[in-house]
Amino acid sequence: MNIPFTQHILDNGLRVILHEDHRLPMAAVNLWYHVGSKNEHPGRTGFAHLFEHLMFEGSEHYDKGFFHPLQEAGASLNGSTNPDRTNYWEVVPSGALELALWMESDRMGYLLPALTTQKFENQRDVVLNERRQNYENRPYGLATGAITAALFPPDHPYHWLTIGETADLKAATFADVRAFFQTYYHPANASLVVAGDIEPANALDLVRAYFGDIPAGPKPGTVDATASVDAEIRLLLEDRVELPRLYLAWHSPPMFAPGDAEMDLVSDLVANGKVSRLYRTLVYERRIASEVMAFQNSRELAGFWQLIATAAPGHTLTELDEAIGVEIGKFLDEGPTADEVERGRVQAEAQFVYRLQTLGGFGGKSDQLNAYSVFLNDPGFFERDLARYERVTARDLHSAAAQHLRRDRRVALSVVPRGKAHLALDGSTLAVVS
Amino acid sequence: MIAIDRARLPAIGVSPTVRFPAIAKQRLNNQLAVWSAEHRGLPVLTFMLVLPSGSAADFEGYEGLAAITADMLDEGSGEKSAIDINAAFARIGAHLDTDVSSDATVLTMTCLSRFGREALSLMADCIVRPRLAETDFDRLRQLRLTRLVQIRDMPSAIADRAFMQLVYGAHPYAHMALGTEEALRQMTIDDVRAFHRRIFSPAFATLVAAGEISPAAFKTMAEEMFGAWEQPHAHSPLADPALAPPPLEPAHRLALVNKTGAAQSEIRIGEVGLTRSTPDYHPLIVLNMILGGQFVSRINMKLRQEKGLTYGARTAFDFRRGRGPFILQTSVQSDGTALAVQEAMNELHAIRTDRPPTDVEVEAAKAALTRGYARNFETAEQVARALSQLVLYGLADDYFDTFAANVSNVSVEETRHVASAHLDPARLATAIVADAALVGPQLTHAGLGEPVPLLPRL
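Here the protein sequences come in this chain order: A and B.
FYI, in the working numbering the residues of the first sequence are 1 to 434.
FYI, in the working numbering the residues of the second sequence are 1 to 458.
Chain A on its own, in the form it takes in the complex:
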């Protein structure tokens, strides 16, 4: 099981990765820029994502919006921003590959001449509405921001959410756009995957023709920051919700670092699915929770491991916290069973294979190649990535959990209905959210 590819570095620094797959007459173009909200600064948060929106507003040689010609060619397309990277993709009928490369290269090389204050202000309004829809108007929508703000200090780039603070978005100026583009949106800070029903030599010729002339920029410096939680932090957030929910978070290894795959597996064994330990105890047997889940947030500079449990009506977050403490305590004492380890391995393998089914889009093969390319400088990491999961032993999971899930080094956030602060864990103080 692998994703075969060839890699080429153009003179301007653009990394190009080609992958053939002729099962369907489709081609995927997937372009990553190594910039995300971690490259922002306090007071100007949300800019990387706002900038992503501007990339869809037209460029010098086709200034009528990015979607029109591509949707008419049968493409599906999108983009997204997270703390570490921004990605853009098109999945097109193979006969429209050149069109997709034309469009992607034009906005990489010639975005600024087409940008206007009117476009900028319109997309800022759109993003403010995106923020209201997906965060402010959504139950528990502000919780993750409260968690990251507590785990990471104010000057740490994971302190804020990628969507940004409302005040910062309003303070962003059109003048900021040029500097951001020149710093981060150039070939030397990008990685391009062209995959699918392609003829590689021809695809490479097309890429050279369309991207080769775009001037290289200086490689942006890396971001360094550290954070730790040295005591338990208890926070409280009142929200328009009916049921109290407990968020627990711990610092954990960064993406691909030792312990990252282990903590990913620990989350499944502890809290995901009907056979996980916490679902069994809290939801199935004791019925004190209505849902429980956990996940390892793997990021470039640091990770965090998060557990979420919603109280069943009539039950308290204190009950939940105690029951969770007992179960995690057992896991830390005894480690996982052989059956659990085997289950984790099979599930990881299955997820890897399912992912190979899709050529383009979020999480498909082309996105995966770019993740390995941008974060590890190694597009061929697929098998070794899977091996991280397959070689895991009960002892590895046990020691990773014991190292990272210490009760005296966690953030515990209680989200409670408005006016019911007393439903939070004892000793909680108000969380800071915008």
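If you're looking for bench data, these hints aren't it; they were derived computationally from the structure.
Be careful, since some hints might not be right.
Cut-off 27 Å, straight-line C-alpha distance, at most; resulting in silico cross-link-like pairs (BS3-like, lysine-lysine) [to be verified]: (1) A/Lys119 <-> B/Lys307; (2) B/Lys307 <-> A/Lys64; (3) A/Lys274 <-> A/Lys219; (4) A/Lys170 <-> B/Lys80; (5) A/Lys170 <-> B/Lys302; (6) A/Lys330 <-> A/Lys274; (7) A/Lys420 <-> A/Lys330; (8) B/Lys302 <-> A/Lys64; (9) A/Lys170 <-> A/Lys64; (10) A/Lys330 <-> B/Lys80; (11) B/Lys25 <-> B/Lys219; (12) B/Lys219 <-> B/Lys80; (13) A/Lys119 <-> B/Lys302; (14) B/Lys80 <-> A/Lys274.
None of these values were measured; they are calculated from a predicted model.
Given the coordinates of chain A, work out where chain B should sit on it, guided by the hints.
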């Protein structure tokens, strides 16, 4: 070196057309239909059990019965407890996905090919021999009641419910699969058992497979696992409750659900639409692409790209066996609610009067629908889902192979005709979930009328 020209967009080359894989239709002795399509390339299999009864089959006063019945299937079988069953799924990296819509119950399982036998055998345990035990029922019911409590604070879910109740009145499409608190509270495990007996019969079901499996191998496996599935009693075909005629008019034109302090307004505008079997299906999907079915549609370009009122706006005809809804949906900033409703109404009106679909729009919409069609059949699960559409809506075996031609044959006149025939402004209803103190006066002031306060049944 290839010469490039930035003065114009490159021509689009011809892409080979794809053919849908051959469909093998077989039947077991117990009448279970067994359909499959081979989809080679990766060691993945998807199995699906398709039943043509969903939440529209809930009896009046028992809203939520179809969904909780399907949810009960993996809660124990024979000697195996719910935990045993789910542990067995987890050991093969799979789980049973349950989807109850108004017209259907669909159970899906995707697995690595080497686990195919175990997967299908577990699926049979769940479908043919579920325990349907009272203690599991009590637990699931409580979880579903809790879900209903949580939905009270989800503006989008409230808006969906308010709209469907406004437009469908007493028709079975008026309620969501999750049901209502009152109905769930009075339900018993005996209701579930009776419903299961009535609906889960091999005579009504189709077992679907897609992936690395031949028709012969699939039939042998299906016979082994599902051959003993008996019809509970002699069945005549079930009457389809979805075919009941929906109301001609909505209960109110404009309804407002109050959410004090809401950060945005959730808006739904629409009416009773068409059945999946309408001869106007292809013209309508072309029309919808132009109106609100893609990013570059009129509605999204107006509300998002021109006015900046929303993160997105879209329309859809939800074609069902009965007449499903046509819905425009968006979430907008509170102070722009009336403007958004007016602009949306203008677009709905204009496309059937003074700004009908143009030649350019129709060509672009047809191209968008057909050129990228192949990507709908990339994964085993997508192929299985395609087969389930043939099952549920009685579509011909060559449906997917003739889709592009059928769309390409749609004329501009047909799109104009279906716009004026099926988007009836006299029947449009609007449901809004918003801070009423802010939004109510806005609507009235804009001449949209006095909104009726609404509390959707939950």
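- Pairwise hint evaluation, A/Lys330 against A/Lys420, where the allowed Cα distance is 27 Å at most: Answer violated: A/Lys420 to A/Lys330 is near 32 Å, above 27 Å.
- Sort out whether B/Lys80 lies within 27 Å of A/Lys170, counting only the CA atoms. Violated, at about 58 Å.
- Message: Next pair to validate is A/Lys119 with B/Lys302; report whether the Cα-Cα distance is within 27 Å.
- Response: holds (14 Å)
- Message: Checking one constraint from the list: CA of A/Lys119 to CA of B/Lys307, max 27 Å. Satisfied?
- Response: Status holds; Cα separation ~11 Å.
- Query: Are the Cα atoms of A/Lys170 and A/Lys64 separated by 27 Å or less?
  - Reply: holds (26 Å)
- Item | Given hint A/Lys64 paired with B/Lys307 - CA-CA distance at most 27 Å | holds (16 Å)
- Item | Restraint check for A/Lys170 with B/Lys302, where alpha carbons must lie at most 27 Å apart | holds (22 Å)
- Satisfaction of hint between B/Lys80 and A/Lys330, Cα-Cα up to 27 Å: Since the Cα atoms of A/Lys330 and B/Lys80 sit roughly 26 Å apart, the hinted pair holds (cutoff 27 Å).
- Query: Are A/Lys274 and A/Lys219 close enough, with their CA atoms no more than 27 Å apart?
  - Reply: Violated, at roughly 47 Å.
- Sort out whether A/Lys274 lies within 27 Å of B/Lys80, counting only the CA atoms. Holds - the C-alpha atoms of A/Lys274 and B/Lys80 are around 14 Å apart, at most 27 Å.
- Query: Hey, B/Lys25 versus B/Lys219, does the alpha-carbon distance stay inside 27 Å?
  - Reply: Holds, at roughly 10 Å.
- Given the proposed pairing of A/Lys330 with A/Lys274, does the C-alpha separation stay at or below 27 Å? holds (18 Å)
Violated hints, in rising order: 3, 4 and 7; the structure is consistent with all others.
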